[in-house]
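*Asks:* Make the full structure from the sequences, and use the hints.
Residue numbers (our numbering), protein chains in the order written: chain G, 1 to 531; chain Y, 1 to 324; chain H, 1 to 384.
Simulated from the structure, these hints should not be mistaken for laboratory data.
Mixed in with the good hints, there may be bad ones.
Claimed, not checked - Calculated cross-link-like contacts (lysine-lysine; reagent style DSSO-like; alpha-carbon spacing at most 27 Å):
1) 404/G <-> 369/H
2) 252/H <-> 308/Y
3) 118/G <-> 89/Y
4) 308/Y <-> 148/G
5) 89/Y <-> 282/G
6) 89/Y <-> 369/H
7) 365/H <-> 89/Y
8) 339/G <-> 369/H
9) 63/H <-> 308/G
As the list claims (entries may be wrong) - Coverage of chain H stretches by chain G, computed from C-beta distances (three or more under 8 Å per stretch; other residues unrestricted):
10) 306-319
11) 342-351
Claimed, not checked - Partial list, derived from the structure: chain Y residues whose beta carbon lies under 8 Å from chain H:
12) 95
13) 284
14) 292
Note that the Cβ used here is the ideal one computed from N, Cα and C, for glycine as well.
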Amino acid sequence: MPDGNSAARDEYVVQMKKITKVYSNGVAANQEVDFNLHRGEIHALMGENGAGKSTLMKMLFGLEQPTSGEIVVNGEVLHLTSPSVAISHGIGMVHQHFMLVPSLSVAENMVLGMVPQKSGLFIDKAKAIEITKEYSERFNLHVEPEAKVMDIPVGMKQKVEILKALVRGAKILIMDEPTAVLTSQETAELFVELKNLKKQGYTIVFISHKLNEIMEITDRLTIMRRGRSMGVYNTKDVTKEEISRLMVGRDVVLSVQKDKANPGETVLRVRDLEYVNEWNKKMLDKISFDVRRGEILGIAGVEGNGQKELVDMLFNFNTPNSGTATVNNVSILGLPQQKIRELGVSLVPEDRMIYGIAAGASIEENVISDRSADKRFNKGPLFNMKAIHDEADRLIREYTVLCKSRRQHVGMLSGGNIQKVVVAREFSSNPVLILADQPTRGIDVGATEFIRKKLVELSRSGIAVLLVSADLNEVMELSDSLIVMHNGRIAAYFEDTAGLTDEMMGEYMLGLKEQSKEEVRRVCHDEKTPA
Amino acid sequence: MLNFLKILATPEFFYSIIRISAPILFATLAAIVVEKAGFSNIGLEGLMMFSALAGSLVSYYTKTWYFGLLAALATGVLMSLIMGFFAFKLKTDIILVGVAVNMMGSGGTLFLCKVITNLTQGKAMASTTGLITKSLCIPDISIPLLHQIPFLGAVFSGHNLLTYLAFLFCLLTSVMLYKTPLGLNIRAVGENPNAASSVGVSVLRIKYTAMAFSGLMSGFGGAFMSMAYAQGWSLDMVSGRGFIALAAQAMGGGECLGGMLSALVFGFAQALGIKFSAIGLDSNLASPIPYAVTIIGLVIFAIVRNNKIKRQHSAAALAKSEAK
Amino acid sequence: MTKRRQLKFTMIRSLVAICIALLVATLLILISAGGDTFQEKLQATGEALKQMLVGPLFRMSQKKGTSFEAKRLADILAAMIPTIFTGLSVCVMFSANQFNLGAEGGIMLGAFASAMTAIYLPMPAGVHAVVAVLVGGAAVALIMLLPALLKTKLNVSEMVCSLMLNYIIMYVIKFLMNTYLADKSRGQIMSYAFQETANIPPIVNNTVFSGAKLTWGFVIAILAVILCGLFMYRSRWGYTIRMIGINQDFAKYSGMKVGAVIVLAQVVGGFLAGAGGGIEMLGRYTSFSWSALPGYGWTGLTIAILAGNNPYMVPFAAFFMAYLSKGCDLMATYAKVPAQLIDIIQGVIFLFFAAEQFLSKYRQKLVVKSAKEEIARANLQKEG
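*Replies:* Structure below.
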């Protein structure tokens, strides 16, 4: 099915040949990736989080430089050393996080950096508005030139971003998950506009996870997995199932030894949690589930489907619009973190450098951050240093943290060892519930395996574990039962992960399938009607 | 009490409000522009001290007030650029850079004053008040026609050249920020530097420019202190105006008009203090009024701002519930 | 980077910063030095520098040569008392990432409150001084609640607020002195004399130090250093203060009471500044006569920066600053270079110490060297 070289060479507007990118920390984000674009096509770039899509596109936009390989644009080999070089060769990017200045008007954002002037001194506002209107009409992208960016809806912000690229002469548009922030109406509108652009000869790279959208709008697609290209396909020649299989899948199957779970009573009970974000997008849609003693409940899903919001609610980094969450029948929503921790909740946070550690403090200081007021670590007004040293040494030993001493700064450790410091603290606080959010993201194999084993061990000792992970390997192997989240909803619940295949998971993760309400409701164990 | 109010209702009182507000307004404009560019310059106090000294000395040596003024401006700009170098290049915390300049602005200016006067006058002088005569000061300007109008003439005419410039600059700064490409870039850099640099605006250059502008305004403010407000420089003569300006910036919502009104409020507070002492109250009781007003102003501003955020939140929450 | 190499870098960096400051000072002295020819100027500069750098401890006279003088050492140690306290005060507040610049007004208010206690509240000897100092500390601790609470409740800048407080404190004290508290029988504005019971006595008989006044205040200051060090490094409150300073999000996530501890840091900082003011007042003077902010707060700020916010390093930084200050005084007396040179030197040192990227290339080299060595060692181990 790969379309090979059927098209004549000069039809390629972009050719990225054998691109390899190794970051300075040794991570190979791209390995010998080939990627090319026909003039006037909409080309999907697909892959799971961390598959290397962003890296590849950053290189095309000049934000990163390839370690090896070459980039040919319009037949010319280019060294794209900065975004401005890329822009001058007609490559534009619409970032997922908009590069807009909120308090400036749409027109001002449009002309920033290339401001039309009058009398050699003042901004020619009329001209800026005229330019905005002209482009807006030409490409049929409706914006309000005089409105402030902070006052306009997200969909219009995106149009401003597209227009910004076009006004700077972009012929090739890279769109990084453009529909992630849009409502379905806005998405429909965007597609009309993109098709219109395509008709006018523009080439568009469309990064997305959403199969339906890709089937609807793209001509060809490139699938990436673990830094490699899985091939180029004509969209009309492949089925959603095939894409899903190519995209979602496990390469290596490490297996963690695990006894069958013997779940006890419910620890965490979440009911009808609902959250609408500041852009009016519903991120959590009546989420309900239970996590019981002694089991690992996994939450799988492509990132951005509400997992982050869910964890934020449970640890009071955000407040939901409605719904309840209790730990051992005590409500935790809105409680200060200290109280949540007192109830026996631990959190391995997704962003370990921001929440998980104080990089400028020692390992010792980091492992006692949640227990510094404990009686056993205090003697009168002072710390019991011996007890603290012992605790730190014990945890370093038990969690095999590779370091010079307990006094070493955590920021000097490797990613895996930093995460070990985080889990050493979170796992050792006698929790009744552990929230593990992406616990092994971006860390080495050894540390990953260690942390996974520890999670299983803890759950078997009677702790309830909620595991949130975008890593399919991880959720499928560790979880006793499993939820798939899609679009802020629970798309599926599997009481037993045995017998689950990658294929089935992919279909739920990408929204091809959804279980019925009743099937999903089974995860609320105490609501089960006696058969 | 009624008598006291009568004293206040004089044109002299309103005249003094405007006069006292002028240096604070200069410093406030300096604070506004750097805040727009996304950082704060708390060294305004020190910058004004150095400019004041430079202005009075050069005015004395050249026997020309406008050379003095130019020297004050140059000093302000040059020092602010050096501050920028430490902050942006050597990554010193910009607040600490400001603190250092303020430290030097106190004793350091006295040191320079003594050394320079010792070299030229043969004796070390602790201030330049003995050197500066009225003719070496920046002149007052009587506005034709206006000065003949009763009351208004006495309030608005006859001010120092720099007083008029202060209010003119308030307008010009506003125009610069909102009508010129430079202002657009400054606001963009302050709000979203990534957005600015992604379209080729040099963030560093804009920051240096904003810094230089704050130095320029401090130069005016300093020159006003030693060549208009007082005749000559003396130790710690800026007495917190650079700090008050930071508060005026915050109270004015970061905008020129608001900043001007805040500066006038401080001018009023200080003029009131002077009147207090005129009717026999201890000036030490009146002197802290502007500083207290600053704290109260900041608190009011913070409450208003927090309420606004709360309102926005509840509006968003309303939108949320509608979205259901 | 290894600890030793880190230390080496820190020391070299400090030395270079100090050298730059001295170089600037030398240039300024050269400009201000007397003499008609360059030769003469150079000689005068050399004399002035000698006074500044050697003078604080040694008396130089043509007849007797250079000799160590205990009085000057005692003077320096005495001068350290207030700045150790303000230095500690700033250390505590900056450790929590609170840019509270109120130590300046704090030390004046503390001195004033202690003085009033010493004059108007009769108490037995011994107790009196202690109570007076505690009152001074408590007064400032209380005042610091204002910027602290405004910061945590309303997010008002603690920096601007504390700066304004400095002026308010100064003027209110001046007002109270002028209007109510001055001893009208004296020629200048000063309070009545402190009761003898409130005096902080000298450590040793004055004659040993030929009239220098080194009081028990110095011992208390050193005790305060140790207590403050214990508080910051050995207690859960100090620990929480430091963690908030390093990463406030982390502190919140860990379940620390961030708001309360931010207030605590400023209250403790206020207490230290206030107590320092009281000790300085009762030890050095017999009645209250300050009519302006004493400048110890700003010196304390420099000291805290030099000490890297580490209380244990504060006495060393305070010694350094007191030594330089004494040197500048001597230079002013013997070489006619204005003593305010100290402010410029202080500012320059402050700037370079606070500069994160200063000598960063050199640090980078050390880091690379360390990394290479580590790799080599690892390889050796693998082979062996």
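*Asks:* Now, for every hint given, state plainly whether the structure supports it.
*Replies:* Hint-by-hint comparison with the structure:
Note on residue 404/G and residue 369/H: the hinted pairing holds, with a Cα-Cα distance of about 17 Å set against a maximum of 27 Å. A threshold of 27 Å between alpha carbons decides the hint, and for residue 252/H with residue 308/Y the separation of about 25 Å falls inside it, so the pair holds. With a C-alpha separation of about 34 Å, the suggested pairing of residue 118/G with residue 89/Y is violated against the 27 Å cut-off. For the proposed pair residue 308/Y and residue 148/G, the alpha carbon gap of about 18 Å is at most 27 Å, so the pair holds.
Note on residue 89/Y and residue 282/G: the hinted pairing is violated, with a Cα-Cα distance of about 44 Å set against a maximum of 27 Å. Note on residue 89/Y and residue 369/H: the hinted pairing holds, with a Cα-Cα distance of about 24 Å set against a maximum of 27 Å. Between residue 365/H and residue 89/Y, the direct Cα distance comes to roughly 19 Å. Compliance with the 27 Å bound is thereby established for this hinted pair. Taking the CA atoms of residue 339/G and residue 369/H, the gap is about 46 Å. The hint is violated against a cut of 27 Å.
Between residue 63/H and residue 308/G, the direct Cα distance comes to roughly 81 Å. Violation of the 27 Å bound is thereby established for this hinted pair. Counting residues of the stretch 306-319 of chain H whose beta carbon lies closer than 8 Å to any beta carbon of chain G gives 0, which falls below the threshold of three, so the coverage claim is violated. With 0 residues carrying a beta carbon less than 8 Å from a beta carbon of chain G, the stretch 342-351 of chain H misses the three-residue requirement, and the given coverage is violated. Taking 8 Å as the C-beta contact cut-off toward chain H, the hint placing residue 95/Y at the interface holds, the least distance being around 6 Å.
Checking residue 284/Y against chain H by beta carbon gives a least distance of about 4 Å; that is within 8 Å, so the hint holds. Among the interface hints, the one on residue 292/Y holds; its C-beta lies about 6 Å from the nearest C-beta in chain H, closer than the 8 Å criterion.
The structure shown violates the earlier hints numbered 3, 5, 8, 9, 10 and 11.
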